[in-house]
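*Asks:* For reference, the chains in residue letters:
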Amino acid sequence: MAARRLIPLALALGVASVLFLTLGARGSWSFVLGYRGQKLAALLIVGAAIAVSTVIFQTISGNRILTPSIMGFDALFVLLQTGLVFSLGGFGLAALSAEARFGLELLLLLAAALLLFGTLLGGRRQDIHRMILTGIIFGVMFRSVASFLQRMIDPNEFAVVQSASFARFTTIPTELLAISGVLCVAALAAAWAMRHRLDVLALGRDAAVSLGLPHRATVLAALTLTAVLVSVSTALVGPVTFFGLLVAALAHRITGDHRHAVLMPAAALLAGLVLVAGQTLVERVLDLSTTLSVVVEFAGGIVFLLLILREPKR
Amino acid sequence: MIEIEGVSHSLSGVPILRDIDLTIPKGGVTALIGPNGAGKSTLLSLMARLERVQTGRIRFDGLDVTQTPTGQLARVLAILRQETRIATRLTLRDLVSFGRYPHHKGRPGAADRAAVDEAIATFGLEPLAGRQIDTLSGGQRQRAFVAMTFAQGTDYLLLDEPLNNLDMSHARALMLRLGEVARTHGRTVVIVVHEINYAAAHADRIVAMKDGRVVRNGPPGDTLTGAALTDLFDTPIDVTEIHGRPVSLHYA
Numbered sequence: 001m002a003a004r005r006l007i008p009l010a011l012a013l014g015v016a017s018v019l020f021l022t023l024g025a026r027g028s029w030s031f032v033l034g035y036r037g038q039k040l041a042a043l044l045i046v047g048a049a050i051a052v053s054t055v056i057f058q059t060i061s062g063n064r065i066l067t068p069s070i071m072g073f074d075a076l077f078v079l080l081q082t083g084l085v086f087s088l089g090g091f092g093l094a095a096l097s098a099e100a101r102f103g104l105e106l107l108l109l110l111a112a113a114l115l116l117f118g119t120l121l122g123g124r125r126q127d128i129h130r131m132i133l134t135g136i137i138f139g140v141m142f143r144s145v146a147s148f149l150q151r152m153i154d155p156n157e158f159a160v161v162q163s164a165s166f167a168r169f170t171t172i173p174t175e176l177l178a179i180s181g182v183l184c185v186a187a188l189a190a191a192w193a194m195r196h197r198l199d200v201l202a203l204g205r206d207a208a209v210s211l212g213l214p215h216r217a218t219v220l221a222a223l224t225l226t227a228v229l230v231s232v233s234t235a236l237v238g239p240v241t242f243f244g245l246l247v248a249a250l251a252h253r254i255t256g257d258h259r260h261a262v263l264m265p266a267a268a269l270l271a272g273l274v275l276v277a278g279q280t281l282v283e284r285v286l287d288l289s290t291t292l293s294v295v296v297e298f299a300g301g302i303v304f305l306l307l308i309l310r311e312p313k314r
Numbered sequence: 001m002i003e004i005e006g007v008s009h010s011l012s013g014v015p016i017l018r019d020i021d022l023t024i025p026k027g028g029v030t031a032l033i034g035p036n037g038a039g040k041s042t043l044l045s046l047m048a049r050l051e052r053v054q055t056g057r058i059r060f061d062g063l064d065v066t067q068t069p070t071g072q073l074a075r076v077l078a079i080l081r082q083e084t085r086i087a088t089r090l091t092l093r094d095l096v097s098f099g100r101y102p103h104h105k106g107r108p109g110a111a112d113r114a115a116v117d118e119a120i121a122t123f124g125l126e127p128l129a130g131r132q133i134d135t136l137s138g139g140q141r142q143r144a145f146v147a148m149t150f151a152q153g154t155d156y157l158l159l160d161e162p163l164n165n166l167d168m169s170h171a172r173a174l175m176l177r178l179g180e181v182a183r184t185h186g187r188t189v190v191i192v193v194h195e196i197n198y199a200a201a202h203a204d205r206i207v208a209m210k211d212g213r214v215v216r217n218g219p220p221g222d223t224l225t226g227a228a229l230t231d232l233f234d235t236p237i238d239v240t241e242i243h244g245r246p247v248s249l250h251y252a
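If you read the sequences in order, they're chains A and B. Following the UniProt record's numbering from start to finish, the first sequence increments by one per residue and tops out at 314. Following the UniProt record's numbering from start to finish, the second sequence increments by one per residue and tops out at 252.
Worth flagging that the hints you see were computed from the coordinates, not collected in a lab. Careful: at least some of the hints might be erroneous.
Unchecked claim - Keeping only pairs whose Cα atoms sit at most 20 Å apart, straight-line, the calculated DMTMM-like set for lysine to aspartate or glutamate is:
(1) B:LYS26 <-> B:GLU5
(2) B:LYS210 <-> B:ASP94
(3) B:LYS105 <-> A:ASP206
(4) A:LYS39 <-> A:ASP287
(5) B:LYS210 <-> B:GLU241
(6) B:LYS105 <-> A:ASP257
Could you build the full structure based on these sequences and the hints that come with them?
*Replies:* Next up, the structure:
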């Protein structure tokens, strides 16, 4: 039973969380636990969001190489953030609460993602080369337009978007924690409710239609969940390109199961474990001499190369 | 009964099907034959709602494929397409189990498991049931997909070239099983076949297509004559009779 393999993962995540909360703590426990607890919650939310969005996206696109980040989802989110600062200006944004701003960005991302990727994924032929090329073109375009806009705005406004453009796990904007948590839990619950439909979707369009799955509606629903989860994680820690790929590939390898009921929790637990254990190491053992994002991207990048090199054998 | 009325279809301006009118009675094996590009696979895809019907209508037992909810149609008809690639890692039993999805929506019961066992046994796949799909040979995988389609338990089975990759023993076994299923379970099998002699030996009815039109429709004895096949494939074909069945001699 593959579901049993989730138990050691959950235990390891529990141990890592306790270590993260307590290791090297000095002074008032209530302050330490409150402060670190918020960071822990953020890491768990981000891990689950990235992991589950990647697993779902790979199911929709019918391959194990593409992830939302590789297709430029989070670059799109950064572009939208920059675009908002550019069009509304620093004052306009200051008038909005963090939640309202986040909600606006999320809505824009949803619309843009459904528009750009809905047509690409809904069709009957899903050509992997075309998808990768499209992703690269979109990603580069979104990033360059965002950096172009960042050069045009004034330095004070630039400071607002700068932190959003790089992955960071050490300083997480805690004011977004509540709304991110709610959105993430809602999206995860929806993904869990879809788990059987996602299993069928993974068989490909023709088989899914023959089995009576409303293909287009299911793809769009799954794409919506992906966009929500990506905006949650990008708002909290910025764009992380290869992390989702890493945990999704590990989840497939460890469970050896095709069922999303096993894959999604496994990937989420793994992502939480890597982030919490990694951040504990970086903060307590390495004294912040490196950043977690660098290590995670390095490992994820290697997995990406391995997957690409192994792919033609099938 | 399958009723196809006035169905035309074109892809980027190129006509693939031209005004097809065809009625396929309930029960038995109907073989779709014809040269490459005749529109056989497109017709099958339209019947199975894999492509949107552009003009005309297609009904199964009175259910219009464009208006009936797809989940309901999945309990009436099942299709197996030519190219079948699957990205996930599945065992053969997992794959066949998916055939029951239209009935249990993810929560299989005892009846579903029994149907899966029956499908695996019907196509002689018991020794392979625990194997991963990607470790199977092309022919074994093809049989696994046929078993999945069969497990769906629908009255109508649409199979697009299921004999691909099968050796002669498995091809014959598959045709015999399909005939048996059609006759004893009262199911309707519509099958695209390239090897004319399998159609001659196992089909109850032949539908010949050419250039997007149905050119012949009837029992094998009437439709599989030398003149008809020569005309259909634009190549000289002799047909002789062996053990009371037409046999096409197109190898030399």
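*Asks:* State for each hint whether it applies.
*Replies:* Hints, verified against the model:
For the proposed pair LYS26 of chain B and GLU5 of chain B, the alpha carbon gap of about 17 Å is at most 20 Å, so the pair holds. Note on LYS210 of chain B and ASP94 of chain B: the hinted pairing is violated, with a Cα-Cα distance of about 39 Å set against a maximum of 20 Å. Of the pairs offered as hints, the one joining LYS105 of chain B and ASP206 of chain A holds, with about 17 Å between alpha carbons and a cut-off of 20 Å not exceeded. With a C-alpha separation of about 17 Å, the suggested pair LYS39 of chain A and ASP287 of chain A falls inside the 20 Å cut-off, and the hint holds.
Among the hinted pairs, LYS210 of chain B with GLU241 of chain B is inconsistent with the structure: their alpha-carbon atoms are about 24 Å apart, more than 20 Å. About 19 Å separates the Cα atoms of LYS105 of chain B and ASP257 of chain A, which keeps this hinted pair within 20 Å; it holds.
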